[in-house]
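J.: Sequence:
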Amino acid sequence: MAAKADIPNCVIGDGSIFDGRFSVNGSILIEGKFTGDIRTDDHLIVGPSGRVRTDIVARRVTVAGTLIGNIAASEEVTLLHTGKVLGNISTPKLTVEPGVITEGRVTITSGQSEDAKKIIEDSFGPAPDEAFTAAARERKRERANLKDEVIQTLL
1 MAAKADIPNC
11 VIGDGSIFDG
21 RFSVNGSILI
31 EGKFTGDIRT
41 DDHLIVGPSG
51 RVRTDIVARR
61 VTVAGTLIGN
71 IAASEEVTLL
81 HTGKVLGNIS
91 TPKLTVEPGV
101 ITEGRVTITS
111 GQSEDAKKII
121 EDSFGPAPDE
131 AFTAAARERK
141 RERANLKDEV
151 IQTLL
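Just so we're aligned: 109 in our numbering is position 109 of the sequence shown, and the numbers increase by one with no gaps anywhere.
Treat the hints with care, since some could be wrong.
Said to hold, decoys possible - The list that follows gives simulated cross-link-like pairs (lysine to any residue, SDA-like), each with its CA atoms no further than 20 Å apart:
#1 K84 / L29
#2 K117 / P98
#3 K84 / I17
#4 K84 / S23
#5 K118 / G99
Unchecked claim - Per label pair, the in silico range of CB-to-CB distance:
#6 R59 / E142: 50 to 60 Å
#7 K117 / E138: 39 to 49 Å
#8 R137 / D42: 48 to 58 Å
#9 S110 / E149: 23 to 33 Å
#10 R137 / E75: 16 to 26 Å
#11 E75 / R143: 35 to 45 Å
#12 T107 / L146: 42 to 52 Å
#13 D37 / I120: 28 to 38 Å
#14 R143 / V106: 24 to 34 Å
#15 N145 / D115: 37 to 47 Å
#16 K140 / I101: 47 to 57 Å
#17 E75 / I101: 20 to 30 Å
#18 E149 / I108: 51 to 61 Å
For the record, the hints were derived by calculation from the structure and aren't laboratory data.
For glycine and all other residues, C-beta sits at the position ideal for the given N, C-alpha and C.
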């Protein structure tokens, strides 16, 4: 018997069609067709026969079917080999199996609350032209100081 954590609280079965708003307390498995808005505080699974058009906000997301929309997962996203995603993904952890088809922007936050772009740019340091300009200013300052020292010595 499967553990309780492995059993979804809600299932939209193969052949079912749902259009509208859906909020789930717990996990959900979508094997049918879903369009609209969906939110869960747990795990959202798009099964192999699932066809979903929505933006997903969940703790964990697994895609084995087709998803058109963005994913915002607070813990992790897993794209299984049969998965197809057209949309942006934002998550601290991303697993992608060979065979996945996806198009969109991926932002891996690593659990950081700061903007990922800022973290990466700060980590890189100043742009090369800024670094060269700063180094040139320092050399010019050193030459001026040396010149002043030479003049002081001669006087």
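J.: Would you say the C-beta atoms of D37 and I120 sit inside 28 to 38 Å of each other?
T.: holds, 31 Å
J.: Starting from the range 42 to 52 Å, see whether the pair T107 and L146 falls in it by beta-carbon distance.
T.: holds, 49 Å
J.: Measuring from beta carbon to beta carbon, are E75 and I101 in 20 to 30 Å?
T.: holds, 23 Å
J.: Taking 39 to 49 Å as the stated bounds, is the beta-carbon spacing between K117 and E138 within them?
T.: Since the Cβ atoms of K117 and E138 sit about 29 Å apart, the hinted range of 39 to 49 Å is violated.
J.: A range of 50 to 60 Å was offered for this pair. Does it hold for the Cβ distance of R59 and E142?
T.: Since the Cβ atoms of R59 and E142 sit about 56 Å apart, the hinted range of 50 to 60 Å holds.
J.: Cβ-Cβ distance between R143 and V106: within 24 to 34 Å?
T.: About 48 Å separates the Cβ atoms of R143 and V106, which means 24 to 34 Å is violated.
J.: Between the alpha carbons of K84 and I17, is the straight-line distance 20 Å or under?
T.: holds, 19 Å
J.: Below or equal to 20 Å on CA atoms is what counts here, so check K117 against P98.
T.: Roughly 27 Å between the alpha carbons, so the hint for K117 and P98 is violated.
J.: Can the suggested window of 48 to 58 Å be confirmed for the beta-carbon pair R137 and D42?
T.: holds, 55 Å
J.: 23 to 33 Å was suggested as the range; check whether the CB atoms of S110 and E149 agree with it.
T.: violated, 50 Å
J.: Can the restraint linking K118 and G99 be considered satisfied, given a maximum Cα separation of 20 Å?
T.: Judged against 20 Å, a Cα distance of about 32 Å means the pair is violated.
J.: Quick check on a hinted range of 37 to 47 Å for N145 and D115, using CB atoms only.
T.: Given range 37 to 47 Å: holds, Cβ gap about 40 Å.
Consistency note: the structure conflicts with the earlier hints numbered 2, 4, 5, 7, 9, 10, 11, 14.
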